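Chain P is already provided as a structure; the job is to place chain F on it using the hints.
Line order of the protein sequences matches chains P and F. Residue numbering for the first sequence follows the numbering used here, beginning at 2 and increasing consecutively. Residue numbering for the second sequence follows the numbering used here, beginning at 95 and increasing consecutively.
Keep in mind the hints are simulated off the structure, nothing from the lab. Quick caveat: nothing in here was measured; it's all calculated off a predicted structure. Do not rely on the hints blindly, as some may be mistaken.
[Claimed, not checked] Calculated lysine-lysine pairs in the DSS-like style (CA-CA distance at most 25 Å, straight line):
| hint | chain 1 | residue 1 | chain 2 | residue 2 |
| --- | --- | --- | --- | --- |
| 1 | P | K287 | P | K258 |
| 2 | P | K287 | F | K191 |
| 3 | F | K207 | P | K344 |
| 4 | P | K216 | P | K7 |
[Claimed, not checked] Here are the computed distance ranges between Cβ atoms for each label pair:
| hint | chain 1 | residue 1 | chain 2 | residue 2 | range |
| --- | --- | --- | --- | --- | --- |
| 5 | P | E166 | F | A213 | 43 to 49 Å |
| 6 | P | K353 | F | E113 | 48 to 54 Å |
| 7 | P | A299 | F | E128 | 36 to 42 Å |
| 8 | F | G190 | P | E286 | 46 to 52 Å |
[To be verified] A few chain F residues that face chain P, going by a derived Cβ cut-off under 7 Å, partial list only:
| hint | residue |
| --- | --- |
| 9 | L137 |
| 10 | E154 |
| 11 | V156 |
| 12 | D161 |
| 13 | Y163 |
| 14 | K207 |
Note that beta-carbon positions come from the ideal geometry of N, C-alpha and C, so glycine has one too.
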Amino acid sequence: MTSEIKSSPLESAHVGLGAKLISFAGWNMPVQYTSIMDEHGAVRSACGIFDISHMGQFIVSGPAALAWLNGLLTNNIAKLGIGQGQYTLMLNEQGGVIDDMIAYRSGADEFFLVVNASMIEEDFFWMAARQPEGVILRNESELWAGMAIQGPHSCEVFSRCFPSEELPPRNGISRTASGSIVCRTGYTGEDGFEFFSPAAEGISYWEKFIEAGSKPCGLGARDSLRLEMCYPLNGNDLLPNRSPIEAGLGFFCDLDKGDFIGRDVLVAQKTGGPAVKLAAIRYLEKGAPPRAHYPVLAADGTLLGELASGVLSPSLMTGIGMAYLPADFAKLGTKLSIEVRGKRFPAEVVKKPFYVKPSSPDSSSSQS
Amino acid sequence: MNTPPDLRYASSHEWVRLEGEIATVGISDHAQEELTDVVFVELPSLGRSVDAGDPTAVVESVKAASDIYAPVSGEVIEVNPDVEADPSLVNSDPYGKGWIFKIKVSDSAHVYKLMDAAAYASQIS
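Just chain P, with the same shape it has in the complex (with noise of 0.2 Å):
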């Protein structure tokens, strides 16, 4: 592990923006622009743009490539048609959680790996020591520059940029006629597209995304976005001694595949019940912001653990969060609280995610 700061190579463009930059796992990324509500707000509303460079991308290959990847991650990579992706999970031999990830097939046998910023080198490890003969693994993480581009907006965006491309379907891939890689993908809840460019070119691409009307959204509003749909942190909700299925991520994990590192663990877990639950838990009145490691109450005061993620969600201006409780106590409707600076709030056990769309009769974008 090296303890340099990295910089993404959209880092000037940030700068110039206004943009606040902190230090996000190991790389100097932006945390906010103007504000999380504003940016928060134009996700739900309009079309944001996030900076991903810091993700990592691995292109693994071969013909012995679907079926050692399908070794490696839960998810069934073998129902992947060319030009299709899919969420799915690296495991230990624990069944504990190394990283989750988008896998798409992006050629017969070529898939394209995007994965976190935080494990790029622990992942590629991994999955190096245990590569066969006919599999190729390159890690090409420096050089893609990454930008999320997300909300209802999203599509009039990308036609405006590209207007003789079209973009893939839901979780498909595809590249532009100039060699860059366009996932419909993201992890906001909104529809959108995660865009991989050289990086070199990376900040002629954002500038034109925002001037086709993405507003530059940081990682502040990230984390709010994803935490209102219940998608995971890996770090905070994902940790290598918790499993998917402890996690509530088991339609991701398909037991029925064949073997995989750490699927005896799931399969155990799976017919028992697992121990513990990550729980989405909202506050029941207003309260001090919840946050990641606040403690969490039984109704009667016995501590149960601690919060993974917290955030006062800008979309429903009530505190929620996720935490990893026992069984009995992650059920929907158990009434618990969460304490700030020794003061207890009260909430309850939601279903997941706290944030629904306002009904949506029809997501597909018109051309403009």
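Frame of chain P, contents of chain F only:
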């Protein structure tokens, strides 16, 4: 950046308006702009005795919780219920409706050890 000349300022970005022996305290325009989006204010209890530098209130944005320190020693004699009900007042009117608490100062000379507007403006420039 707005730094009214009639106020005194602490290096931790609180302002003080002294009237007789009563010091009204809030956070500066610069501080509210740095914090952005104040969503919660935790007020001190009335009658609490504080020393200059004690964490006395908490102002929270979506991003972080920040302690507000007593700029002077004394006793908390009043708190602003309006910022508890509508924390955004700290952003919209930091020197007016966004005041946070009042201290009956134990030694008003202490207030004059705080920075004047010119010194504070140069600290934040």
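A quick look at each hint next to the structure:
no.	hint	in the structure
1	P:K287 x P:K258	violated, 46 Å
2	P:K287 x F:K191	holds, 21 Å
3	F:K207 x P:K344	violated, 34 Å
4	P:K216 x P:K7	holds, 24 Å
5	P:E166 x F:A213: 43 to 49 Å	violated, 57 Å
6	P:K353 x F:E113: 48 to 54 Å	holds, 52 Å
7	P:A299 x F:E128: 36 to 42 Å	holds, 38 Å
8	F:G190 x P:E286: 46 to 52 Å	violated, 28 Å
9	L137	violated, 12 Å
10	E154	holds, 5 Å
11	V156	holds, 4 Å
12	D161	violated, 10 Å
13	Y163	violated, 15 Å
14	K207	violated, 29 Å
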